[in-house]
Structure formats: structure tokens, C-alpha cells
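S.K.: Now for the letters of each chain:
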Amino acid sequence: MQIAIVREVIDAGSITAELKAGADGAVCVFDGIVRDNTRGRRTLYLDYEAYEEMALNQMRSLAEEAIAKFGVRDIAVVHRLGRLYVGESSVLIAVASAHRGAAFDACRWLIDTLKKTVPIWKKEQFEDGAVWADGEPFPEEIVRG
Amino acid sequence: MQVRVLYFGVLKELFACPSEDIEVETGCNVGELRKVFHGRMPERAWKSMAIAVNQEYAGDEVLLFEGDEVALLPPVSGGAPGDACRRR
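Listed in order, the protein sequences are those of chains L and G. Here the first sequence is numbered in the working numbering, starting from 1 and rising by one per residue. Here the second sequence is numbered in the working numbering, starting from 1 and rising by one per residue.
By construction, these hints were calculated from the structure, which means they are not laboratory data. Be careful, since some hints might not be right.
What the hints assert, rightly or not - Calculated pairs, DSS-like style, for lysine-lysine (alpha carbon to alpha carbon, straight line, at most 25 Å): (1) G:K12 - G:K35; (2) G:K12 - L:K69; (3) L:K123 - G:K12; (4) L:K20 - G:K12; (5) L:K116 - G:K35; (6) L:K69 - L:K123; (7) G:K47 - G:K12; (8) L:K116 - G:K47; (9) L:K116 - L:K69.
Being a predicted model, the structure only gives us computed values, none of them experimental.
Based on the provided sequences and hints, a complete structural model is requested.
M.R.: What follows is the structure in C-alpha cells.
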């Protein structure tokens, strides 16, 4: 597994290349990039910050859970922090598996779950002001324990 | 006893600092610490935050101990810009 939080450009090509092995029939890659607007309001850049040690632990347990749940072979999850401009990758998830179905399912589950539970936040800088992005509400089991 | 409270995202800006050492009663749990912050932040932020103790999500019943690292976490927004989260 490759689990990392970085401050430099995410090199999708080399992460994906390193993940591949002979037993794989598919690598499914989710590359999350900074969009140029939120609900029509023009975005200049995003500032990402994290509770870093906890975020890494969470990313690692999600990857382990995905391997167990979907039966995929290996996973890379890399999130970037700091200031990111339009078109840059903020997160890369790559899933290697013998069959594509499991790779797609695991990849989708990983990004959806990461967005709800991994302690990373972003502040969106627009032409006319800045706001902390609304996160999704925490899953009930997290808030109540 | 003292616990170290860490603030993130919008809460770090609101309190204008990344962390504070806070005096709480011995035997205090997460729910009681949560109440300490009621009124110190907008109601919506207070209701929607999660709390982590020593880097693990913790429910209200979890007991605190001297020197614990307690993080107040606004709803997270990592990953790519919102798509699924705009549906609500």
C-alpha cells in the first residue's frame, strides 16, 4: 500500500506504474482535481489543511478495509495539502485488482468514504471572497461514538 | 487536569489559534468537554463537529485523561471539490 500526504505535485503516472503487478487485470484510478468554480462562483485556488497524523491513520485503515471488503490486491491513496490551483490534483486513489469490477467498486467507495471521514479541510478562494467548504455531515457512528 | 485541544479549519480561524490547553475536571468525558464549547462557536458549527481523542474519533462517553490530545473537527472536505456533497 502506498499511503501519503504530500505538499508537492502528485505524480499520477509513477504512482500507478509502481502499483501494477503481474496478477492484476485492472488498475482503476481516481484523480481528484481543482475545478474552476463552485456553483457558478469562480474559484481562484484552494487551500487544503489536515490533522495530518490522524488523516494518515484514517487513510491507511480505509485502504485496509477496502482490500478486505472488495478483495482487491493493492491500493495507493495520496492526498496533497497546501495551495492548489485550478486543474491540479488534490487526491489520487489507485486500486489494482485481478478484475475491473472490484477495482471500480473499491475506488468509488474509497473516495466517497475519504470525503466523509478523513480529517482534511479546504478553504476556497473565490474572486470575491473565501469560505471553508461545507463538508458532508459526519456519519452518525463517528459523532456519537 | 489539563487536556490539549486542537482546532482545525473554520474553528482554528474562529479561535484564532491552532490549540489551547484547557483545564477540565478529572473524570470528564467527551460529552462534557463538548458542552464547554457550547456558546463559544456558532450553534451550527457546534452541532456538526466531531471530536477525536488521541487521533481517533471519540463518542461522548469516552473518558478523558490528563494530557490527552483532543481535536475539534468541523465536517471534513478533503478530496476533490464537492460533487456528492452538493446533493443534500
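S.K.: Would you mind marking each hint as holding or not holding in the structure?
M.R.: Hint-by-hint comparison with the structure:
1. Only pairs whose Cα atoms come within 25 Å are accepted, and K12 of chain G paired with K35 of chain G is accepted, the gap being roughly 18 Å.
2. Proposed proximity of K12 of chain G and K69 of chain L is contradicted: the alpha carbons are some 36 Å apart, above 25 Å.
3. For a cut-off of 25 Å, the pair hint linking K123 of chain L to K12 of chain G stands: about 12 Å separates their Cα positions.
4. Of the supplied pair hints, the one linking K20 of chain L and K12 of chain G is violated, its CA atoms being roughly 40 Å apart against a limit of 25 Å.
5. Between the alpha carbons of K116 of chain L and K35 of chain G the distance comes to roughly 24 Å, so the proposed pair stays at or under 25 Å and holds.
6. Restraint check: the Cα-Cα separation between K69 of chain L and K123 of chain L comes to about 33 Å, which exceeds 25 Å; the hinted pair is violated.
7. Distance check on the hinted pair: K47 of chain G and K12 of chain G sit about 16 Å apart at the alpha-carbon level, within 25 Å; holds.
8. About 16 Å separates the Cα atoms of K116 of chain L and K47 of chain G, which keeps this hinted pair within 25 Å; it holds.
9. Between the alpha carbons of K116 of chain L and K69 of chain L the distance comes to roughly 18 Å, so the proposed pair stays at or under 25 Å and holds.
Taken one by one, the earlier hints fail for this structure at numbers 2, 4 and 6, listed in ascending order.
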